[in-house]
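Chemist: So the chains spell out like this:
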Amino acid sequence: MRALLRAILLLALSLVGRTLDAQSSFPHERHATLFPNCEGCHSGIVSGRADGVFPSPRQCEACHNGTDAKTVQWKPRVREGQGLLRFAHVDHATRVDSVGRRCESCHATPGAPRMQVFPARAARCFSCHTHRATAHYDESNRCLTCHVPLTAATALSPARVGRLPRPASHNDTAFVANHGTRDGGTLASCATCHARESCVRCHMNATAVPSIRALAEDARVAAAVRSKAAVYPVPPSHLADAFSSDHGRDAARDAARCAACHARPSCRSCHTGPGARRAIDVLPNEPSAPGAGRGVQLQRTRVAAVTLPAQRPGRSVATEGPRTVSVHPAGFERAHEQAARSASLTCEGCHARSMCSSCHAGEGSREYHPANFAMRHAATAYSRETDCASCHNTEAFCRACHQTSGVGARSNGLAAFHDASPQWLLQHGSAARQNLPACTSCHKQRDCMQCHSTLGWGVSPHGPGFDAPRLWKRARPMCLRCHLSDPTRS
Amino acid sequence: MIGTLAHSAIACQRPRRRRGSLAAMLTLAAFAGQPMQLAAQSVRIVGTTWAQIVDLRPLRLDSVPFSATIVASGGDRTNARGQPVRCAGTSAYCHFFASGDRATASPILQDLELSGWGLGEGISAHAHLRARETLGAGDLSWPRASDRFDALDAYLNVERDRWRARLGRQWTSGALGSYNYDGVALAWRQTSWSVEGLGGASLVTGLDATHLSGDLAALDDLPPDERAWLVGARARFRPRARHALGAEYQRTIRNDRGGLYSERAAVAGSAVLAGVALDGEWTQDLLTNTVNEARLRAERSLPKGLIGSIEGRRSRPFFELWSIWGAFSPAGFDEVRGLLRRTSAGRLTAAVGGGYRRYDSTGAGLAVAPLRDDGWRVTGNLAYAPNDRLSLAGDYAIDVGPGASRSDGALRGDWVGARLSLGGMFSATQSIFEYRVGTGRLLGLGVHATYRLSQETRIGGDLAWYAHRESGSSSGTDWGQRRASVRLEWAIGRDPGAARPAVKQ
Numbered sequence: 001m002r003a004l005l006r007a008i009l010l011l012a013l014s015l016v017g018r019t020l021d022a023q024s025s026f027p028h029e030r031h032a033t034l035f036p037n038c039e040g041c042h043s044g045i046v047s048g049r050a051d052g053v054f055p056s057p058r059q060c061e062a063c064h065n066g067t068d069a070k071t072v073q074w075k076p077r078v079r080e081g082q083g084l085l086r087f088a089h090v091d092h093a094t095r096v097d098s099v100g101r102r103c104e105s106c107h108a109t110p111g112a113p114r115m116q117v118f119p120a121r122a123a124r125c126f127s128c129h130t131h132r133a134t135a136h137y138d139e140s141n142r143c144l145t146c147h148v149p150l151t152a153a154t155a156l157s158p159a160r161v162g163r164l165p166r167p168a169s170h171n172d173t174a175f176v177a178n179h180g181t182r183d184g185g186t187l188a189s190c191a192t193c194h195a196r197e198s199c200v201r202c203h204m205n206a207t208a209v210p211s212i213r214a215l216a217e218d219a220r221v222a223a224a225v226r227s228k229a230a231v232y233p234v235p236p237s238h239l240a241d242a243f244s245s246d247h248g249r250d251a252a253r254d255a256a257r258c259a260a261c262h263a264r265p266s267c268r269s270c271h272t273g274p275g276a277r278r279a280i281d282v283l284p285n286e287p288s289a290p291g292a293g294r295g296v297q298l299q300r301t302r303v304a305a306v307t308l309p310a311q312r313p314g315r316s317v318a319t320e321g322p323r324t325v326s327v328h329p330a331g332f333e334r335a336h337e338q339a340a341r342s343a344s345l346t347c348e349g350c351h352a353r354s355m356c357s358s359c360h361a362g363e364g365s366r367e368y369h370p371a372n373f374a375m376r377h378a379a380t381a382y383s384r385e386t387d388c389a390s391c392h393n394t395e396a397f398c399r400a401c402h403q404t405s406g407v408g409a410r411s412n413g414l415a416a417f418h419d420a421s422p423q424w425l426l427q428h429g430s431a432a433r434q435n436l437p438a439c440t441s442c443h444k445q446r447d448c449m450q451c452h453s454t455l456g457w458g459v460s461p462h463g464p465g466f467d468a469p470r471l472w473k474r475a476r477p478m479c480l481r482c483h484l485s486d487p488t489r490s
Numbered sequence: 001m002i003g004t005l006a007h008s009a010i011a012c013q014r015p016r017r018r019r020g021s022l023a024a025m026l027t028l029a030a031f032a033g034q035p036m037q038l039a040a041q042s043v044r045i046v047g048t049t050w051a052q053i054v055d056l057r058p059l060r061l062d063s064v065p066f067s068a069t070i071v072a073s074g075g076d077r078t079n080a081r082g083q084p085v086r087c088a089g090t091s092a093y094c095h096f097f098a099s100g101d102r103a104t105a106s107p108i109l110q111d112l113e114l115s116g117w118g119l120g121e122g123i124s125a126h127a128h129l130r131a132r133e134t135l136g137a138g139d140l141s142w143p144r145a146s147d148r149f150d151a152l153d154a155y156l157n158v159e160r161d162r163w164r165a166r167l168g169r170q171w172t173s174g175a176l177g178s179y180n181y182d183g184v185a186l187a188w189r190q191t192s193w194s195v196e197g198l199g200g201a202s203l204v205t206g207l208d209a210t211h212l213s214g215d216l217a218a219l220d221d222l223p224p225d226e227r228a229w230l231v232g233a234r235a236r237f238r239p240r241a242r243h244a245l246g247a248e249y250q251r252t253i254r255n256d257r258g259g260l261y262s263e264r265a266a267v268a269g270s271a272v273l274a275g276v277a278l279d280g281e282w283t284q285d286l287l288t289n290t291v292n293e294a295r296l297r298a299e300r301s302l303p304k305g306l307i308g309s310i311e312g313r314r315s316r317p318f319f320e321l322w323s324i325w326g327a328f329s330p331a332g333f334d335e336v337r338g339l340l341r342r343t344s345a346g347r348l349t350a351a352v353g354g355g356y357r358r359y360d361s362t363g364a365g366l367a368v369a370p371l372r373d374d375g376w377r378v379t380g381n382l383a384y385a386p387n388d389r390l391s392l393a394g395d396y397a398i399d400v401g402p403g404a405s406r407s408d409g410a411l412r413g414d415w416v417g418a419r420l421s422l423g424g425m426f427s428a429t430q431s432i433f434e435y436r437v438g439t440g441r442l443l444g445l446g447v448h449a450t451y452r453l454s455q456e457t458r459i460g461g462d463l464a465w466y467a468h469r470e471s472g473s474s475s476g477t478d479w480g481q482r483r484a485s486v487r488l489e490w491a492i493g494r495d496p497g498a499a500r501p502a503v504k505q
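In the order they appear, the protein sequences are chains A and B. Just so you know, our numbering puts 443 at position 443 of the first sequence, and the rest follows in order with no gaps. Just so you know, our numbering puts 96 at position 96 of the second sequence, and the rest follows in order with no gaps.
For the record, the hints were derived by calculation from the structure and aren't laboratory data. For glycine and all other residues, C-beta sits at the position ideal for the given N, C-alpha and C. A hint or two may mislead.
Which residues of chain A face chain B? A few of them, derived with a C-beta cut under 10 Å, are [as the list claims (entries may be wrong)]: (1) Ala88; (2) His92; (3) Ala93; (4) Gly111; (5) Arg114; (6) Arg278; (7) Met375; (8) Val407; (9) Ser421; (10) Trp424; (11) Gly458; (12) Arg470.
Go ahead and model the full structure; you've got the sequences and the hints to work with.
Modeler: Laid out in structure tokens, this is it:
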């Protein structure tokens, strides 16, 4: 019994549905032989009278009176308020296409049977309204040619506003990055689907941007975006290797563009010093409008709390939430000396001096050296691939460690360490000149002075081109360590 | 903060006299005008505690009776294990080095980095302190373990829009290296250029102590006999983002004015010309009138996403002349290097490089038994990060030259989670010892992990094991090691550079 009731109910609903469908989709083709022209039912299209756009029920009842034909439920469509279209039939009613057709030029395909009509499609507009566009959602369209701004389309419900189609171009990351740089005509098109709340959702500086300020506010849009999080995709330009070093130039030139996504806290995440103050102070410090986005949330890599990304290529970015920014390219901790020396980067713009000492003090583990460095480091030091002295004191660190590990020289070592060369005593001078820092990492000065001083055997350690007078003049105490008197006179 | 406390204290006092009351009111008013400024006062302390244990077999000098040695092919004497020995004159014993018993070192390091600010507009104070200790009764002495306390830097900083002044122990880094001193630095800056002058009591590079420090005296029987003063200047010019030029001058003067410890100057710059990125530097030792480091590198993008660079370099060691080493005429070398790298979609980076260097004539040694006077190296790196959390990397390098040579490779994997990070590595090194017989292979295996206890606190540790296997002739050396370390990092106080509470992360 219950199943029967359910079936009856479904049938009734389907009938009602048909009636409602009939209201909005009149079977034109079935009436093709009855009506000689369109204006008989749609006189308002030509005259501009709203009550004549659709036929009245009384016109239908002329036939559908229950005797000549079955009765039908018909209610003419009534438009309340402005829709999204700027189109006015009365402006187009007198125009004909190349074969003399009028209504069919928009509401029928060429060659179709008479009164096989359909609602006009946007593509038909381009047959006359040629701009640069070839498709309805082409981003180079001037939407305002056919559409009114969304805020003026009062007939659209909030739900309909929330379902407005999204052009495919909007899905491109580059579009999000560059959509504010378009010309005024293109920007005006934004108003077809957007109100100010659309922009405020992400832009911290919304009230300062003329094109955003030009948009009207709309409660329906506000409701539609209320639950949507601000989105800040990373522009392609930000992924370039040189971006970390070059973005200051762009910021100084056009800080307003940065302000679209960034507020001062974005910059201050890294720029703790005063270096970039002028460019940063141009940015807003907090959202400029209620409900506005907070801007890109950045947190810098903290040396004390982040695994050294030495081996990680590229940079770590995410599209949502706070992003950890690896400002410098991979491997920078091993290759920053040139940037520091030439001032191509202003280190103090972001780093306190302790940043230097925390690594260059040379004892704390910062994972600077690769694995197995204890075994590797001899060759690295010999080839001066790394400047050991920038972090380590040769005497206090290298020599101490070499003594601890037994490599350090002993007075009774008798050259036993260098056992690969039987003529080591005769060869050591050449080896020493090639890699003197390596010698000093084990040997004390007196080890050499036993022979190389006037107090010892008097063997000169000075090589070709040694400028004795120059050193005697400017570093005399050093000379007197080995010489009892002025060596330049002897 | 101070204003609030003063306000409370004064408010609790009962007015004794009208004049006292007036003074209290004026004081109160003075402090009342300050709270907005003083509210910004804060201190941030970052601490790092690092303890490690290292276990290895140090080399020991050993001896063998002359009668127990044998003459090997080539005429060299060896002990019974085939290890070369040195026999001096008529001595009854010959000497050699070999690995001794296993020994352990267990140093612990405590760093504190302090920053205080809000003392007035642009005024802040900074310090980086370090304490050292040895845990347990380790039988190996860790470098500098006896130096229990160091102030790496401790200075007062005054920052203004156009100038900056620093007073105290501070670091300076540039083309002449990184070193610290006790003194003052004044900097004046404009948009595209800056100049800085500095001066004060010089500290030994990398030692954080004066030239008369006992640390040096303990390691060298001829330590410096005078303190030194440091004066220097630096100018920087950056007309455009990728064009920069820096020049530095520095002089270290003996306290008794009897001479100089060093006098150097450097110029370094970078530029982009016709799509080629150029950078170079020139460092001159003015005391010996020699070039320490001269380098010019050119880099440009190539087809198929490649980036190539080539570099010419001249390098000669530098020594401060408180020691005699600078008078030993160290020889330099000229080197040419090349590097080719490619990054695909920011995820895969590959690089290959190489270099060749040739040393100057030393004017010493035996003509009949010359030492090698050139060297070369080849390197290759591959790094892959399939996502933001995982990264894999491998590298291989060969470096052959006078003194020491090596070939080694390493693989490393890291996974970084929101709180937990894990990683592991494997390495293999073949090393030819410094003018010692034989080669050895060292295989290494290690794991490391860190866990973030809170936003500002992290604990981590690592374990590594290295196994040494001799190859070729016997050298009696075993550099097999076991290493472990634990590290705790923490911070308290607001980061002055962090975001404002309005956009708290």
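Chemist: Evaluate each hint against the coordinates.
Modeler: Going through the hints against the structure:
1. The closest approach between the C-beta of alanine 88 of chain A and any C-beta of chain B is roughly 48 Å, which is over the 10 Å cut-off, so the hint fails.
2. Given the 10 Å rule on beta carbons, the hint for histidine 92 of chain A is violated: about 51 Å separates it from the nearest Cβ of chain B.
3. At about 56 Å, the closest approach between the beta carbon of alanine 93 of chain A and any beta carbon in chain B exceeds 10 Å, and the interface hint on this residue is violated.
4. Contact between glycine 111 of chain A and chain B, as hinted, is not supported at the beta carbon level, the nearest pair being about 51 Å apart and thus beyond 10 Å.
5. The beta carbon of arginine 114 of chain A comes no nearer than 58 Å to any beta carbon in chain B, farther than 10 Å, and the hint placing it at the interface is violated.
6. A least Cβ separation of about 8 Å between arginine 278 of chain A and chain B falls short of the 10 Å threshold, and the interface hint therefore holds.
7. Because the closest C-beta pair between methionine 375 of chain A and chain B is about 5 Å apart, less than 10 Å, the hint holds.
8. Given hint, valine 407 of chain A at the interface with chain B, holds; its Cβ is 6 Å from that chain's nearest Cβ, closer than 10 Å.
9. Given hint, serine 421 of chain A at the interface with chain B, holds; its Cβ is 6 Å from that chain's nearest Cβ, closer than 10 Å.
10. For tryptophan 424 of chain A, the suggested interface contact is upheld, since its CB lies about 7 Å from the closest CB of chain B, less than 10 Å.
11. With 10 Å as the threshold, the beta carbon of glycine 458 of chain A stays out of range of chain B, its nearest partner Cβ sitting at about 14 Å, so the hint is violated.
12. Satisfaction of the interface hint for arginine 470 of chain A is found here, the shortest Cβ-Cβ separation to chain B being roughly 6 Å, below the 10 Å cut-off.
Comparing the model with each numbered hint stated earlier shows that hints 1, 2, 3, 4, 5 and 11 do not hold.
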